[in-house]
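The listed protein sequences derive, respectively, from chains A and B.
Heads up, the first sequence is in the numbering used here, so the first residue is 1 and it goes up one at a time.
Heads up, the second sequence is in the numbering used here, so the first residue is 1001 and it goes up one at a time.
Quick caveat, the hints were computed from the structure, so don't treat them as lab data.
Cβ coordinates follow ideal geometry from the N, Cα and C atoms, glycine included.
Hints are supplied without guarantee of correctness; some may be wrong.
[Stated by the list, open to error] Some chain B residues flagged as far from chain A (calculated, every beta-carbon gap over 10 Å):
{"id": "1", "residue": "Ser1119"}
{"id": "2", "residue": "Asn1122"}
{"id": "3", "residue": "Val1140"}
{"id": "4", "residue": "Pro1258"}
{"id": "5", "residue": "Gln1274"}
{"id": "6", "residue": "Asn1443"}
[Unchecked claim] Derived coverage of chain B by chain A (criterion: at least 3 residues anywhere in the stretch with Cβ under 8 Å from a Cβ of chain A; other residues may be distant):
{"id": "7", "region": "1041-1055"}
{"id": "8", "region": "1326-1333"}
{"id": "9", "region": "1346-1360"}
{"id": "10", "region": "1416-1430"}
{"id": "11", "region": "1444-1457"}
[To be verified] Just the calculated beta-carbon pair ranges, DEER-fashion:
{"id": "12", "chain 1": "B", "residue 1": "Lys1233", "chain 2": "A", "residue 2": "Thr29", "range": "53 to 61 Å"}
{"id": "13", "chain 1": "B", "residue 1": "Asn1443", "chain 2": "A", "residue 2": "Asn30", "range": "26 to 34 Å"}
{"id": "14", "chain 1": "A", "residue 1": "Thr29", "chain 2": "B", "residue 2": "Gln1380", "range": "45 to 53 Å"}
{"id": "15", "chain 1": "B", "residue 1": "Gln1114", "chain 2": "A", "residue 2": "Thr29", "range": "51 to 59 Å"}
{"id": "16", "chain 1": "B", "residue 1": "Asp1432", "chain 2": "A", "residue 2": "Asn30", "range": "18 to 26 Å"}
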Amino acid sequence: MGISAAERIGNSATANLVPIDANGTNRNTNAPDAGAYESVAFPEE
Amino acid sequence: MKYVYALAIFCSLILWSSCRNDFEAEPNTGNLEFSRDTVYLDTIFTNIGSSTYNLKVYNNSNEDINIPTVGLAKGDNSLYRLNVDGLAGKQFEDIRVLAKDSIFIFVETTADIQTLPGSDPNFLYTDQIVFDSGANEQEVELVTLIQDAVFLFPERFDDGTTETLNLGTTEEPLLIDGYFLDDDELTFTNELPYVIYGFAAVAPGKTLNILPGARVHFHADSGILVANTGSIKANGAPSVDAELQENQIIFQGDRLEPSFENVPGQWFSIWMTQGSTNNEFSYCTIKNSIVGLLMDSNDGDETLTLKNVELYNHSNNGLLARTSNVYGENVIINNCGLSSLQLSLGGNYTFNHSTFSNYWTNGFRTTPTVSIDNFLQVSQTEVLTAPLNANFNNCIIYGNERREIGLLDIEGEEFNFNFSNSLIRFEDPQGDFEGLANYDFTNTALYTNTDFNADPVFQILEKTT
């Protein structure tokens, strides 16, 4: 799996409004990912 | 004379060779084989019939066999019903299975949990199909989980008609099977699942509160309807157990078999009609309907707030909003037969940190993942319009089609939108959209720090609901 193009493209001000993602994970509000989930690195299959 | 003898011998040969042993069968020797040793009839709601499950019984011997008895161990008191080789009942005699052949047995059940021992809302009901007796006896287990539930359904009157709601006018009524929830029905808890038949309606001025952990199931074509000035507040809470989702509120169909786990179109919608207001959903999963959430119009206030809401597998739309006022954060809408998110006839919308991903594979999808417009053609000569303001911040809009946003506006009406810090799929290799202002991706007033056509690398994780 490659790196998601949604990684680190989010805006910090918006992330501060929604600091926890849909998985209950804290967002990196300095460089948030776009989308409802912060990206997760899955092990190679 | 010799001709007479020859004829007699010939006739004897014919008669001998014509003797059939089809009507003779060997007694069963207890060597039947079965397609499975246990038939799990999955979970059923109390008093609601199960699906029909089948069992195949094989006679792998070279002889036709006769099974003297086939039946349910609990006899006529069993809550299971059988159909053995075309015959319905609970006990059967002299069932024949031809050599190297098989027969089908179909199994169904209906159970009233109130008649079963104990007070647990779930009851594991078991029985056996018993083949033959004594040394030749063989059994196949039957297992069903029976679940108690709160059933909400339209009243049936003595004349055979059922309770209806009028969605039209007195002069031009539009009747649907439905009923207003009584005051003592306006709180759904997590104690028992709810099963809704027809439309359970929230009356004007009333609020339906759905508490964390509640499970709401809908029969075919059923839904929840929120009337003018009514509200629905379905506020769950974060769950500790990701599989159990103990605090998530889940709306889904009433078919509990695993094969219906991800089947779209099993029920209609949660329909917040014109004038309904301050509707809230948080920590909710809404799946397998025709339209997950249908938000109609707005009264100036925020009509719908969505926080941590997941909308999955809807045959039309996940959220269809018309002239509404919607705020959403951590909203996930996935596969839908039409647009996952459709914002129609204007309205005010803000979505922060939301994912709209439509990888619909149940047929051809001709609409993008997100569709936005500010008009509605109601007849050949009449077009309704309303101003639109839509903002998508830190969002993903992606799918298995090349163009996953659709922006349609009508001249003379406001059409303001902005996508910022988002990832969008929109491929236009033939340049069909060149020169269209809404699709000028270099216009930073419309598309601010937004990336296009780069893979978000979604990973599918199975979630048990």
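Quick one: which hint numbers does this structure break? Sort them smallest to largest. 7, 12, 16
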